[in-house]
Amino acid sequence: MTTDNDNLRTRIQQAIQSQKRPTITVLSSLLAIQDSIGHIPEIAIEEVAVHSNTSINSVFGVASFYPNFRFTPPGEHSVEVCWGPTCHLKGATEILESVLEKLGLDSEGDTDDGKVSFRFNTCLGACSQAPVISVNHELYGNASPDIVPNLLVSLYEKENLHQ
Amino acid sequence: MKYEEITSQATAEWADMTSGRIPLIRIGTAMCGHAAGAFRVVKALQKYLDSKGLEANIQEVGCLGLCYAEPLLDIKKSGKSRLFFNNVTPEEIEYIVDEYLINDGYPKEKVFGYIGEEGPVNGEDSLESMPGLKLQNRIALRNAGHISPHDINQYIANGGYAGLYKALTDLSPSEVIDEVKNSGLRGRGGAAFPTGVKWSFLVGSPGPTKYILCNCEEGDPGAYNDKGILESDPHTLLEGLAIAGYATGASNGIVFIRHGHDGPIDRTEKAIEQAYDLGLIGNNILGTDFNFDIEVALTGESYVAGEETALMEAVEGKRAMPRFRPPFPAAFGVWGKPSNINNVKSLSYAPEIISKGAEWFSSIGVNQSTGTAIVCLSGDVNRPGLYEVPMGLTLGEVVDDLGGGVIDNRQLKLLQTGGPLGGVLGPDSKDIHIDFDEMRSAGAIFGSGGIIVGSDKVCAVDLTRVLVAFCQYESCGKCFPCRLGMEHLLEIVERISDCASKPGDMDLMKSIGGTMEAGSLCGHGQLGFGPIRSAITHFEEDFRLHIEENRCPTGSCDRSKIVPKNTRPYATDHIAGE
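Protein sequences appear in the order of chains A and B. Each residue of the first sequence is one higher than the last, beginning at 93 in this note's numbering. Each residue of the second sequence is one higher than the last, beginning at 2 in this note's numbering.
The shape of chain A in the complex, shown without the other chains (with noise of 0.2 Å):
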């Protein structure tokens, strides 16, 4: 247990220090962090503490606040589901019922297999191609409720291959 912790606590500071940018901050150290691992784990929030010279309540403020940051590690793949107004009046509520239905959830979240994390975006950047899914940061434009189980099957037909 301990070696594990150490070890995250190693790519923890890895990703921190790792930074190209010029100006280093709380918050992107947190964006490294989340890039690096996939969530912002409790001794991260340590770990840029001590590096920023502040206190964990501040860094936690930062964290809580952006909600892209979450706390516990992500399913295998992502899937997101735009719903700004362009989608919505184009049909993502139809895309949204049939991506919750199909994952098993009711809201934002992951799957209880721990495969698929699900997440509203506000606003995917193509407007024009709406409805926007995204699958493994992948942009589907003009999506149907019909891809959605195909998009689907694939991330668990690409994990058998793996396999």
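Calculated directly from the structure, the hints in this document are not laboratory data. A portion of the hints provided could be inaccurate.
[Claimed, not checked] Here are the simulated lysine to aspartate or glutamate pairs, DMTMM-like style, with alpha carbons at most 25 Å apart:
| hint | chain 1 | residue 1 | chain 2 | residue 2 |
| --- | --- | --- | --- | --- |
| 1 | A | Lys112 | B | Asp99 |
| 2 | B | Lys479 | B | Asp499 |
| 3 | A | Lys112 | B | Asp267 |
| 4 | A | Lys112 | B | Glu274 |
| 5 | A | Lys194 | B | Asp559 |
| 6 | A | Lys207 | A | Asp238 |
| 7 | B | Lys3 | B | Glu296 |
| 8 | B | Lys458 | A | Glu189 |
| 9 | B | Lys81 | B | Glu176 |
| 10 | B | Lys319 | A | Glu139 |
| 11 | B | Lys357 | B | Glu176 |
| 12 | B | Lys357 | B | Glu118 |
| 13 | B | Lys109 | B | Glu176 |
| 14 | B | Lys271 | A | Glu139 |
| 15 | A | Lys112 | B | Glu317 |
| 16 | A | Lys112 | B | Asp278 |
| 17 | B | Lys271 | A | Glu230 |
| 18 | B | Lys271 | B | Glu317 |
| 19 | A | Lys112 | B | Asp294 |
| 20 | B | Lys48 | A | Asp238 |
Since the structure of chain A is provided, determine the placement of chain B on it from the hints.
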């Protein structure tokens, strides 16, 4: 390196590349192309060319504005114009390559049109004669879709950094500011404040460290023009930033982008690196004594981070919550240093204004709105896109001529403009011109340029509910009239949408809206009632039907209502779990 050496090398490279000696294949991979599957097409193309042993130069480019035609691919062969293919799928690559590159034939089933002095390849139409391009006058987006954002030399070969060079060699900082003032350029982030005047605020502030911040937070759903510029032509922004730095005596530029938007982030950072390598930013720019550094800063997901003082908090790595003003940013900005915040679009006009002069810019547009409007047209319209058109076009022209009218021959019901805090306009708004002041007096704002078209199958109450849900979700929580007010407004709008309103709900909303306007620090709370107010003004009937007749005119409100209710879900889960 001297400017002349840089340009002559870039021009030679460009001439060779576009000669078509080796077939030049350009494909749009901005956000719109990405969502349409452009990267899958690039992969298929690369693979097929390799399998056939064909030599071709594949260049990823930005958005030509015709998002509805993405993935948009074009091939330039020697002696021929660029031949465009629209809505290309990976499966169609074989047909296009076989027909056009291998058999030297004509893949007529996929041809979209041509662009080029060599004329039609086989009698097809010029893309530039289609309304989607003909009505455009591209200044900030002049290179988008034509050059690769990954290659600084392509930008330089097309007149890039000439504006900065002219500013540094021919003009004094105050002359640059005068030029921008005389051009009539107004900030494109929403407030439409004269850019030259804004820059002049920073001139008098004490140095040596002063910041020009460029705001590409762009959290507005329905707006993607800032990201479009960064993905299509990041150097035009960097050049504009450097010009602003020279004019105001600033030392540093910070481009502020939302984490997760990898296209704009990666392309901007690569562009910065290339500009440093050529000495176009950094120390002693182009051999002068002007020094200017540029970096990218990321924000987490927060709409309010687009507000200028909240943006400075986020740059400093804190919660994106607005500050009290005064002190104003020109006196006390990021890290307490004098700062000036500009939108991506505003800065991206600067290079051409300096190159071509204030008079040229102010001759485009109408009244006090000079230059162009970069419209993000989306929603129930046949040809959604990213159109840069002269100010003064009517909304009707935008929807019908550029957008090709409402989908499925339906009637236009509403236009949502200026982002979620903007407003909705009714079908009678077609004669309104895109003019900052005219739109404001019509009860909407042009804002950052998003225009969402709604057909007659859209219910105004349903759309308002989503806009209010967005504003509630994004309230930063600092001012309680906004934090609690948005929640209360959402509760009431949801009640109306469910046909379960209570007597007095309409008056209650107005009263809450008034409190928010009076008691909030930033535009989020001050304008937070805007979407409801304009919806009530233009679509009173929709509200009446829900309230008095207990029915939704289009059935939209009968669907399930799935919105993220909890603003900070993971944070509260975490606390609850402890």
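Inset, instruction - Could you tell me which of the hints above the structure violates, numbers in ascending order? - result: 1, 2, 9, 13, 14 and 20
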